[in-house]
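Undergrad: One letter stands for each residue in the lines below.
2 protein chains.
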Amino acid sequence: MTKVILLLLLVLVALCSTLGKPEKNIPKRGKRIPQTLSRGWGDQLIWAQTYEEALYWSRSKNKPLMVIFHLEDCPHSASMKKAFAENKEMQRILDEDFIILNLMYETTDKHLSPDGQYVPRFLFVDPSMTVRADIVGRYSNRMYAYEPADMKILLESMAMAKKLLKTEL
Amino acid sequence: MTKVILLLLLVLVALCSTLGKPEKNIPKRGKRIPQTLSRGWGDQLIWAQTYEEALYWSRSKNKPLMVIFHLEDCPHSASMKKAFAENKEMQRILDEDFIILNLMYETTDKHLSPDGQYVPRFLFVDPSMTVRADIVGRYSNRMYAYEPADMKILLESMAMAKKLLKTEL
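First to last, the sequence lines map onto chains A and B.
Residues in the first sequence are numbered from 1248 upward in steps of one, following the working numbering.
Residues in the second sequence are numbered from 1248 upward in steps of one, following the working numbering.
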């Protein structure tokens, strides 16, 4: 029974790929709502704009970095985003102890896709700029994927990320 | 007389450097205003978040990319930003014909800093992913700097960028 559930979860997680790039909404007329850096993952948090900026802040503040890869037209990203933004404990810990970055486009750093470029995908980077490929979720085929039901597991991953590899930088 | 004015302008342009990284405002309490991707350079425009995303859009839309390097605590960036955002012709052309990106942190691409990492700095990239180092402003020591008074020159640079290197991509 557990196996069946796990298999089902694997199928669900596998549905979103980064092949479908999000199309931009460019209306010719009408007022646009300014785009936010949070993109709905936590409007009250301070988000880095780019990977370079995030690494800079991680190093200078000596805080681990969480990188979220997602797509706006991916229903799994959307459901995870909702659960993530509504989880007060998650948001508080991120605000206090993490540098955060959400990306819809892959970086040139291959270390950020240890087992592929699927979304949603959560990677942690140590202030020593080491991608923590050892911090994984519960899916063996998509090790950095988390579902809304995995919030506790993601919090455990965050707790692991907080134990820095090198505390004296 | 022209020389004196030019020298004065050079001094002004030379005042901002990227050494002073902007400090983040992280209040422990109180509601934050969500950060925008425009950062004041044009709230009604569609901004790319990262250089990778901007390159992707430039290639797929076959539009030139404008990259603006700036800092929030740099008065020259601030005055340029104000003039830039208020210039309706500029904003309209950018909306229709350009992919745009504003960055406060340098990328790993050295081609984006042909003569240094000063701010404010405006670089154009062709859809063929060639940085157009040939498109410059009026200052010989900071070739990619533009002041609020140089809006016409920046519009000319944009017109030059619109003549793509390779039209059949």
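Quick caveat, the hints were computed from the structure, so don't treat them as lab data.
These figures come from a predicted structure and were not determined experimentally.
Mixed in with the good hints there might be a few duds.
Remember, identical chains collapse to one label, so a pair may be satisfied in a single copy or spanning two.
[Said to hold, decoys possible] Taking lysine-lysine and the DSS-like style, the derived pairs with C-alpha atoms no more than 25 Å apart in a straight line are: (1) 1413 to 1278; (2) 1335 to 1310; (3) 1329 to 1308; (4) 1410 to 1278; (5) 1413 to 1329; (6) 1413 to 1335; (7) 1329 to 1410; (8) 1357 to 1329; (9) 1278 to 1357; (10) 1278 to 1310; (11) 1399 to 1357; (12) 1357 to 1335; (13) 1308 to 1278; (14) 1357 to 1409.
Undergrad: So, against the hints stated earlier in the document, which numbers end up violated here?
TA: 1, 3, 4, 5, 6, 7, 8, 9, 11, 12
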